[in-house]
Every structure is written in structure tokens, then in C-alpha cells.
Amino acid sequence: MPETTPEIEAEIDHLLAPVRHWSKRFLAFIGCLAAVVGWGAYAYSVQLREGLAVTNMRNTVLWGVYISNFVFFIGISHVGALMSAILRLTHANWRKPVTRMAEAITVCSLAVGAAMPLIDLGRPDRILNVIVYGRLQSAILWDFVSISTYLTGSLIFLYLFLLPDTALLRDRLRGVGRFRRWLYTTLSIGWKGTSGQRRRLDRSIGIMTILILPIAISVHTVVSWIFAMTLRVGWDSTIFGPYFVAGALFSGVASVLMAMALFTHFYKLQKWITPVHFRNLGLILLLLDIVYIYFTLNEYVTVSYKNETTEAQLLSALYGGEFAWIFWSVQIGGLLIPAFILAIRRTRTTLGIIVAATLVNVTMWLKRYVIVVSTLATPQMPQPWGAYWPSWVEWSITAAAFAGFVLLFALFSRVFPIVSVWEVTERHPASETTPEAEAVETEAGG
Amino acid sequence: MRSFVVALLVLASLPLGVSLSAPPGAAAHNGYAECPYSDQLTVVDGAIVAGEYADTYTDPDTGITVSLQYSGSTMAIGLQSPGQGWVAIAFSSVVVGTNYTNVIAAYVDGVTGQVRAEDEVDHGWERHWDTSIGGTNDILAVAGVKNGSGTTVEFHYPLNSTDRNDQHFEPGGTYSFAVAFSASSSDFNSSDSGHSRQLLVYIGPTPSFLPPEGTRIAVGVPSRIVAGESTVVTAVLRNATGVGLSGRPLTFWLDTTFGPLPLGNATTNNAGKAATVYAPRGAGTWTLTVRFAGQGRFQPSEASAQVDVQDPVTSPPPLLRTDTGIALIVLAVVGSIWLTYGFVAYQLSAIRAEGRGQSPLLAGLPRLRSYKAKGGEKNG
Amino acid sequence: MPETESAGEDAQALSRDVSRRRFLKLIAVGGGFAAAGALGGKFLFEKLAGTPEDALNPAPGQRRSWVMLIDLKRCDGCGVCTAACRKEHNVPAGQEWIKVYQVRNDDGSSYFLPRPCMHCENAPCVSVCPVGATFVRRDGLVLVDHDRCIGCRYCMAACPYDARYFNWGGAAELTPEERALYRPEYPLVHRRGTVEKCVFCAHRADQGQLPACVEKCPMKAIFFGDAREDAVSNGTEVWQLSKVLRESAGFRFKEELGTKPRVFYLPARRD
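If you read the sequences in order, they're chains P, X and G.
Everything in the first sequence is counted per the numbering used here, starting at 1 for the first residue and increasing by one.
Everything in the second sequence is counted per the numbering used here, starting at 1001 for the first residue and increasing by one.
Everything in the third sequence is counted per the numbering used here, starting at 2001 for the first residue and increasing by one.
The set of hints was computed from the structure by calculation and includes no laboratory data.
Check each hint, because a few of them may be wrong.
[To be verified] Taking CB as the label site, the calculated pair distances span: (1) G/2138 to X/1223: 23 to 29 Å; (2) P/131 to G/2101: 35 to 41 Å; (3) X/1140 to G/2073: 54 to 60 Å; (4) X/1223 to G/2121: 27 to 33 Å; (5) G/2138 to X/1212: 47 to 53 Å.
[Stated by the list, open to error] Sample of chain X residues at the chain G side, in silico, Cβ under 10 Å: (6) 1227; (7) 1253; (8) 1255; (9) 1256; (10) 1261; (11) 1263; (12) 1280; (13) 1283; (14) 1286.
[To be verified] From the structure, some residues in chain G lie toward chain P, with a derived Cβ separation under 10 Å: (15) 2101; (16) 2102; (17) 2166; (18) 2172; (19) 2191.
All residues carry an ideal CB built from backbone N, CA and C; glycine is no exception.
Make a model of the complete structure from these sequences and hints.
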């Protein structure tokens, strides 16, 4: 074990406090979340019993909130790759207190997101057919391969960064239950912090950092290609790949900001997650907002300019028809207003940034809903528009998905420290590579 | 023959086979001769006896008596001329619009009794034997007798010869003709001593109680064609004796899964042949059928033939299918990612081994050079 | 602390044990990889070599290419085709495997457009199916294997003609009697959670009979046949397909999408 000072010990204790003791308030919280998840499970059992007829999807709008949730959750999973990989490669050491949060969001959102298409299946009992009879020509197979690869990679990535902390937990947390002691012992795989082990860990982290980036980009690209490989208006677009990747990064950063706000408040992490972090991530959010606005303009201005017959129907529904309220709240509330909040220095306070992030996250769910539903509602044949409003089963499962995500995340934050202890308290060859970076970290109060 | 020829020019201006409105069997045959149907063909011996022919007609201008009848597809014509020279009968030629007339002329040699007969085409001042202009001498049989009171010639001539220089006769049709004779000349080129005006002959209908005559169709198909190309399918309609039946409609069909597909209709030409275009779309062995629906006493008949259609030669498929290539690339990329995961897992196992004081799994294997370069510290 | 050399037999025995254990672990790991590699190789080979749907294809000698021709001038929108198809296949409520649309022209007049499944030569639904449950038979028919369909409905999203239908409700599983009745060519029994559509009455075509909609259409507006024979029939007339398409300006619906549908239409108004 490296030497510690009393200050560092105090920090470690503070960071481990939520893991050590679960307050009643927390237990009540996860109790509520579990209840929502349980209600969602019941709704799913109804769906299994009665079939998808209990949803309001029909032959026109054949995908609804399940697929919207899928795209949304897979979308916010990008933030792990962003924080841990991109920011690491660019030596942005301020990221260290929040990387584990980002990675945990990635893993939890991938788990929930990957479950959504399974819930949407008509014959979930045949899911193994995708492996046994899988056709590589189908975008769903690309999704399957890509998401499973990314989930595995993110778990590995999360675990690599978690490994030294599990040793810490194994050594320091004696009072927790037998299961958790066993968990920490097993997960720490004999980590002693020797130079040989550190070297291996560095090497693994270095490899995974580079590997995770193309995987992450491929994930949301192939998710978008599920839509872009069809001939439907609104989906038949060549920029869907980068559009969705940008949108994923956008909503992912917003999610991290929301998570940062909550954890800083409830776990009292102000020492590590400072207004500098909010500002930096807020500026990243602004940059991504501008990129997303750019893509949105590309998509809609070109299509509106030409106003080709089939596209014109969809556009009129989006601009002034039945989807107008969603469409404009996304553009104005989700793109323009947050851009102003983040751009204007006076409004770019921590609170302002959190408000902007919340707006972004909420409207990005609406955006995914509009992408899925408005295109399917547009008639392809001489017939009326498709109508869709989610049923109670779909709302329940959606609520359970969000509750499940928060539940997983919250439980994670109570089983492992949500701030990477070894990165913020110790100096470790894996955390920085340049003397300048070291100096910066010392200055930032690590 | 010259004035005869002039008369023939008038004749030639009439359209082929014109069927005029006067009903058959008009009283006194004024200007009408008839050629009725007879079950029996005449005997061509040069002597015309009463009742031998179904109908006789005497031209008032020349005094020539024309006796006519037909059986099956053969016309029997008898000419009795008052002269001692040649005698001729002329019909319009099939070659319409060219002022050709079909002339059958005959001369009986009083000394030898031989008959010289010619199937000719006359045009203006020209005279051509059918055989000299690519046609055939279609006189089937001829005989003649000459005595002091005149010349008698009998011959058989086909109703529908295959020669386009000849007139074709259909039962029920009315045709124009003329007759002429020479008093003494044996030279068919000489002027006539008398010729008739334009006369009309009505070919009587074939009685329906006659025994029906069977027909046969022979279909001609190319032996091998390629899908997408068009070819011609022919069919020849023949009667029971093998004579081609002209002017009959034939229908062409292709046997398909859900019924016969009509490929086209065509009318047989003088030789009894009809053709239609066939452009198959797909490879395989197709059955073509030609049908004759029957006309008059000719029975319906049909015949089929098979056509072997080949697929057009296409370029060979590419060596590597596109989706195979994509699959290989994808699996290579994904495989290498998972191999890297495996490598990281190995690193983790090595970390664990070190934590337990053991050597890593692959410790006996050659090390990665960078490890040695980095710290020189051995594990194990 | 790495264990280095030690004198003594204990150390030697220990290291022998360790090396034996290591060897066993190596074998286990190597065996695992080999198994994974073999499975992956088998998977890859099957993907590249062929499809299991070959079992459902007709024999090589029977090369067919089914097409349908619909004369829009004759169609009066009566819907007998839809009813006949429903009766033939016991089509569940809410599904119209051949659906008759009423299309309005700019001048206010309208005509009727029956839309069966187009059985496209370049079918988008076949491209996107993740499990190969929808496949193309050698005679061009696009069928669905309801034993394999997982109900993801991607094929329905991909079809530009709205020709596919999903069983949102209905029976989840079949009784053994119903099971015996089922074939992809003749989906007489329907399962919840799977996608189905018009099959050009494959079971009838295999026996040289016309589809139900073709037989029952009172206006004799629907024709069916083998494009290789260049002949389509509505039960009473047999038309030469290429000739009638050329002469009556035949067209295909949404030709510009490149799906290459097998259903041809003759315009509703022509001289």
C-alpha cells in the first residue's frame, strides 16, 4: 500500500462513507425504485400473457416507446467512452472524479437499453435464434454484435478502473455483510499495487482506451442504421450515423451532468466535483449542442428545401401537424435554450448548467420518440395517418426502465465509491503521463 | 392474239377474285358461266359428251362452248372451238395490278392428234410461259380432238395452284375470264380469229353433305434458341392428299401452366404455310401448338412441337461474393476486438497470479519484448 | 513477491504442482478458445455456404418465376379478393393480405388499387430479417417461416408497401393438430408474435392452380402466371405478359425504390 497522509485518509473515508453505510433515506429510495420496477415487471407479465396487443402499437406505428427507449438508453451510454477514453487521450485530468460515474452510466444504460428490444419482441422465447440463425446482413445483428462488444468492453473498462478500489474496499470495509466482503475479495483478484501489477493494469487500460472508442462510435452508428437501412421517409437519410453519434454524446454528457449534480449533493462530493467540472462539462455540452444543431439543420433544411412529395407529408406533420409540439419543444427547449444558457457566461452557473442538462436529457428522449413514431405514422400507401399513444403497459415498462436504470446506478454507487478513490488520492502511473499533468493535478487539489 | 390481248387487258384491270353481286345460277347464264362442284372428275380424252360436265356455256361472240366443273381441288375445263387452230382461255393472274393474265392455250395437231398446251402469262404484248418466269406449268392433264367441225380440248387445272402466275379459285367466288380461238393457226403468237368479251365464271360452293376431308398440320420450330431472342414458328396446313391449303387461318398457342397462351394468328399462303413470331422469355422446354379450326368441309386439326430454349450465356459469378467478403471483414474486425479482450483478461489473470505469488499462466512462453524493456522485472 | 529459486524438495514439489496446475489451466483455456473457434468457424461456414431454406425450394427442374398482373381498369373495388384470401388462409381480423386502396387523382376521380405482397426480387424485408425467417424461394416467392420469426417487426418497418402484418394477439402456441397443418407455403394457422403476409397462394401454385384472389375476382382483373412462360391467366383469359405490358403501358408500384416487385399493374385509364 502506498503511503497516505491523514488528509488523504480523511478523503478516503469520506468517499467510502456512502458505501459503508446505507441510510434509511436511501433504502426508502431504492424501495420506491424497486416498486416501480416491480410494477413494470407486472406490466411485462401482462404483455407476455396477452401478447403485444396490450401495447398501442399497430400495423402502422409498429414501433413505439420501447424502441425509443432503446435508442435513448444506448445513446446515453456513449458518455463512458467520451469521459474515460477521449478525455484520457487528451490528458484532461479534471475528468478523474467523474469517470467512474460516466462508466457506470454506460454499463447501466447499456444493460437497460439492450433489454428494451427484447421486451419489444413478439416471440422473446426465440431470442436465441438471433445467435443460431443470425444473418450478418441485418442491422439488428450488427446491433447485437456491437452492443454486446461494447457492453463487454465497458464492463472491462469499468472493472479495470475499479480494480484498485476493490482492493481498498476489501482492506478497509470490514463491517459490511459477508456477501460484499466476498465480492470485494473476489473482484480485487489479489491486487497489491505492485509495480508488475500496475504495469499490467496500465497496459490493459491503454489498450482498452484506444479500443473502446471505435466500438462506441460503431454502436450508435449501427443503431441508427436500423432506421437508415430502410426506405421510409425521415429515416432514409445518409447522415444518420454521425447524427446519432453526436446525439448520443450530447445526451450522455447531459446525463453525467445530472448524475454529478445529484451525487455531489447527496454524497457531499463538493471537494472533488467542483464548479470547474461543471463548467468544463458544460462547455463540452455546449460544443455538442452546436454540433447537434448543425446536424439538425443539415437534415431538415435540405429536405425542406426540396420538399419532395413523400417527405413533405412528414415535414408538415413535424412543423405544424400532430407532432409539432414534440418537434418544436425538442428544437427550442432542447437545443436552443440550453445553447443560450451555456453560452452566456452569466447563465453558465452550476445551476444553469444543470438546468440545461436536464432540458437536454428530457428533450432528447422526446427526439427519439419523434424519430421513431413520426416516420412510422406517415402513410406509405393511400391511407390515413397512423395514430399512436403509448398504453399503460408501455408507460409502465418505460417508467420501470428509467427506475431500473436509476436503481442499478444508485446501487452501484453504494457498493463501490462513485468517485474513483485511487485516481483522486494517489499518484499512479496510469492516471497521468506528463509532469505538467501531474502539476495540474496537484494544483487542483487531488 | 393481239386483239385477244387487248381484251385481256380489260380483263386484267379487274381485281383478283372479285365476287360480284349477281347471284349464282342466274337464268340463261347471260355473261355468267358456272363451274359447279362434281363428285367425279372428268375423263380427259378430248371428247366431251353430254352430261360429262356439270355446266356448259356458249359464248355468243365466238361460238366457243366452255364446259366447266370441279372436284376436290381440281378444275375440269372443256373448250369446243369452231376453228382448226389454237383455242385459249384466260383468267386474271394472281399478280394483281400488273396486268398479267393467266392463259391456258392448246392446239391440237390434226395429223398426229397430239395436243400442245401451255400455261402462260400474258402481259400487254408480251407472252411468257409460266415456266420461263419462275412459275410452273400447272396443267394437270390435257387431251384434244380435232375434226372438221372444230377443235375440242379438255384439261384439268388446279383450283389453287402454287404458282403465283396463275389464278386461284375459291368455291363461292366469281372470276372473270375470256376465250379466244384461231381459225387455222397453230402459233400461239398469232392473232385470234375471234375473242369474247369479258365473261364471268362463278365457282359453285362445295356441298356440305360431302364427306369431310381431314387436314394435317406440320409445325416447324427452330431446334434451339436462346431466351430473349425472337424466332419464327411456321406451320403448313395440308389436306388429306398432301396439297397445301391456302388462305386458311391458323392459330398458334403456347402451352402454359394456367392455360394456352395465344401467340398469334396467321393465314396460310399459297403453299399452305403460315408463320408467327415467338419470343420466349425463359429457358426450358416449351410446347407450341398450331390449330386449324376447320373451314367448310375441311376438318379442324392441330399439331404440337417442342422448343428447347436455352438461357443466354451470362458472365460467371464473381469469385468472392460481396456478402461473403463483408462477413469476413466484419468477423475479422470483431474477432480481433474480442481477442484483445482476451488479452486484457489474460493481463487480469496475471495480476491475480502475481497477487497470489504465483507465476502467470503463460510464464513459460517467450515474453513480450516491451516487458523486458520496461522494467526488466521478471514475474514468476 | 515472485517466488524465485529455493533449495529443497518442498520447493520443487510445489513448483511441480504449480506447473501441473498451470498446464491444466492452459489446456482448459486453450480448449475453450478452440471450442469457440470451432463454433465460430461453423457459424461462419454456414453463413457463407448456404441457407437452410433450400429445403423449401422446388426441385431444380421446376424453375419458375411467378408474377401477378392487375388490370386497374377492371378493378371496381368490390373487395372479393380480400374476402377470398381471408377465407383461403383463415386470415386473422385486422389483416388484409391483399388490400384494396382507393386512390384519388388530382381531378377528383379515383380508382382502386389492390395491393398483394409484391414478392420483390430485391426485397427489403428479406435483407433486414435478423434470423432469416423471411426468405425467397427459388421461384421468387417471399415466404415466412413462422417457427423462426422472433417478432421484431423490422421487416414491417422495411416494407415500403405496408404488405406485412403482425399478430398482435391471438393464440400463442399451436395444438399438435394445428402444428401438423402448418407450412410456410400455406400459413393456415397463425401464431401470436409473428409476421405474415400474402404468399401468392404458394400451395396452390405448386399444384398448378391459380391463387384464391385470382380465381374469385368477379371482374377478372387479377392475372397470375410464370414470367418465364411470359403468360398470365385470370382463369378465363391467358395474356402474353410482355405484349400486354408493352401495349397497355404496364407499370410497377414504387418502381423508383428499386425493390423490383413481381406485381405489374395496367393503368386505370387508357385508350
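Range hint compliance [Cβ, residue 1223 of chain X to residue 2121 of chain G, 27 to 33 Å]: 32 Å, holds
Interface hint for residue 1286 of chain X, Cβ within 10 Å of any Cβ on chain G: 7 Å, holds
Identify whether the interface hint at residue 1263 of chain X stands, where standing means a beta carbon of chain G within less than 10 Å of its own. 7 Å, holds
May I ask you to test the interface hint for residue 1255 of chain X with respect to chain G, counting a Cβ-Cβ separation under 10 Å as satisfied? Check passed: Cβ of residue 1255 of chain X comes within 9 Å of chain G, closer than 10 Å.
Has the hinted range 54 to 60 Å been met by the Cβ atoms of residue 1140 of chain X and residue 2073 of chain G? 56 Å, holds
Was the hint right that residue 2102 of chain G lines chain P, CB cutoff 10 Å? 7 Å, holds
Report holds or violated for the interface hint on residue 2166 of chain G, using the least CB-CB distance to chain P and a cut-off of 10 Å. 6 Å, holds
Would the hint on residue 1253 of chain X stand, with a C-beta cut-off of 10 Å toward chain G? 9 Å, holds
Between the beta carbons of residue 131 of chain P and residue 2101 of chain G, is the distance compatible with 35 to 41 Å? With a Cβ separation near 40 Å, residue 131 of chain P and residue 2101 of chain G satisfy 35 to 41 Å, so the hint holds.
Quick check on a hinted range of 23 to 29 Å for residue 2138 of chain G and residue 1223 of chain X, using CB atoms only. 28 Å, holds
Going by Cβ atoms only, is residue 1280 of chain X closer than 10 Å to chain G? 7 Å, holds
Status of the residue 2101 of chain G interface restraint (C-beta, 10 Å, chain P): Nearest chain P Cβ about 5 Å off; hint holds.
Checked against the numbered hints given earlier, this structure breaks none of them.
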